[in-house]
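*Asks:* Start from chain P and add chain W according to the hints.
Each protein sequence line maps, in turn, to chains P and W.
Under numbering that gives the first Met the number 0, the first residue of the first sequence is numbered 0, with each subsequent residue one higher.
Under numbering that gives the first Met the number 0, the first residue of the second sequence is numbered 0, with each subsequent residue one higher.
None of these hints come from the bench; they were simulated from the model.
Check the hints yourself; a few may be wrong.
Keeping only pairs whose Cα atoms sit at most 27 Å apart, straight-line, the calculated DSSO-like set for lysine-lysine is [as the list claims (entries may be wrong)]:
{"id": "1", "chain 1": "W", "residue 1": "113", "chain 2": "W", "residue 2": "47"}
{"id": "2", "chain 1": "W", "residue 1": "113", "chain 2": "P", "residue 2": "44"}
{"id": "3", "chain 1": "P", "residue 1": "44", "chain 2": "W", "residue 2": "116"}
Which chain W residues face chain P? A few, computed with CB under 10 Å, are given here [stated by the list, open to error]:
{"id": "4", "residue": "23"}
{"id": "5", "residue": "26"}
{"id": "6", "residue": "32"}
{"id": "7", "residue": "35"}
{"id": "8", "residue": "59"}
{"id": "9", "residue": "61"}
{"id": "10", "residue": "86"}
Some chain P residues flagged as far from chain W (calculated, every beta-carbon gap over 10 Å) [said to hold, decoys possible]:
{"id": "11", "residue": "140"}
{"id": "12", "residue": "142"}
{"id": "13", "residue": "155"}
{"id": "14", "residue": "180"}
{"id": "15", "residue": "186"}
{"id": "16", "residue": "203"}
{"id": "17", "residue": "217"}
{"id": "18", "residue": "224"}
{"id": "19", "residue": "284"}
{"id": "20", "residue": "288"}
{"id": "21", "residue": "317"}
{"id": "22", "residue": "322"}
{"id": "23", "residue": "334"}
{"id": "24", "residue": "346"}
{"id": "25", "residue": "407"}
Every residue, glycine too, gets a C-beta built ideally from N, C-alpha and C.
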Amino acid sequence: MSARSPCREHNVLSDIQTEIPEDDGGEPETQALPLDAWHRSRGGKMVEFAGYYLPIQYSADHGGGIVAEHEWTRTQAGLFDVSHMGQLMLTGENPAEALEALVPGAITSLKPGRVRYTLLLDDNGGVLDDLMVTNATPWIEADEEAGTEGHWGDPAYYLVVNGAMKWDDIAHLREHLPDEVELNHMDEHALVALQGPNAATALGRVMRGVPESLTFMQSTLYQFGEWPLRITRAGYTGEDGFEISVPAEFAESLADRLMAEIEVRPAGLGARDSLRLEAGLPLYGHDLTPEIDPVSADLTFALSKKRRETGGYLGHATIAATLADGPATQRVGLTLEGRLPAREGAPVFAGETQVGTVTSGGFSPTLGHPIAMAYVAAAHAAPGTELELQVRNKRLPARVAPMPFVPHRYFRGS
Amino acid sequence: MARYFTDEHEWIDVEGDTATVGITDYAQEQLGDIVFVELPEVGAMVEKGKDAAVVESVKAASDVYAPISGEVTEANDALEDDPALVNTSPEEEGWFFKLTIGDKEELEGLMDLKAYKAFVDEL
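The shape of chain P in the complex, shown without the other chains:
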């Protein structure tokens, strides 16, 4: 018994390996993250992922397993370690203007405490990475002694980028940002995500008032005892939830504190992948690459309306043309009958003609049948279109379906 191919194995890891900085010119070594021992003590099955050891799932003795962790997150709250992701802080002179020249989203109009999903693009409009940008400009309280009123401090922007891409992203940002913009890699910080319909209940018991202070895509600093936290109401599962950035030295204590709540159980990379697939969220390195532009990727929502015309960012010319002419291929969702999943690389057919390729696929625990994302020729991208997927020697019927496959349940306010 063995994994069928490295390509399929990547489905497990759901990311691509990248080089991490080498010391002494040797081979890059897989690194341990701040919660490494914490995972192992809970039966975490550690795999190499983006240059780090992370749990793909927890052992059955600890109530783990990909499906169990997936279902727990959909009904309660899963705690994910995403410390491999790159946390960056931009400060200095006009960081918003500088960043806006590299992404298609509006950054200068992003208010303090607000979060935006956007993309790093190359000259041709190809996607170098997808990321979350938070306006982290601090509020400075009034100081009666000094006679100053409350005001916004120096502008700061907090970026969360993909773990496997972070070194390339840092190089890209450093190359294109003016020297007056400071780029700080917060590599002394861990990042955990608490996701699920009961995430707010659990977090609210630990940090009173915090969930009520945030709606989806809002972020705040929160001093929890001696721990300075950044808490953002967002995630990668389609559920309500929070991402919490914490100094590495306090990461274990924070994880223990959250785990003490009855709604919270740990969840690994396997469940993270099946959850994001059900939520229709693309995974960089699989559903997004430098060969793919945001229009083909069905990420037009990330192209700020004003800036579609005015431009002023890398790759705009190509994107404007694709918007005008329509993309040749499009990212679509596919639902399959039966139980046999079609995975990354499976060809998509309309009759005898190959019209596309699967970029992510697996079994949906929530729906009880396989689902996939694929890029298909625009003529075959309409919802309801009947197609076929080739898996080994079988042709599986599939139908183009709107995404998300499982509805998002973000908290946008009551």
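*Replies:* Okay, now just chain W, sitting in the frame of chain P:
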């Protein structure tokens, strides 16, 4: 009846001229939740060390190799409706297929239970 094991984590029960093949408890634990098993057709010839079945878990597809060569005489239809049998009863109800034993000498070199346990402990 004698049970042998391969270093690819298949087990094989030998009874006279026929054998039953499945994957071990260690293997199912590694694979995680199994959602589909693709079995060889009855009458198919399988070759020692070559692909005979495919297991699809939530996370990935894995090949299952034939521990010995022979002709498939029966496939476990129960796995079609309930592939999770491989998780819950890998070494009994979750068997994959039966085959005729072409060459008994191929059994030489396979591990017995004690040797397999020692092998797994080393992993």
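*Asks:* List in ascending order the numbers of the hints, as given earlier, that are violated by the structure.
*Replies:* none
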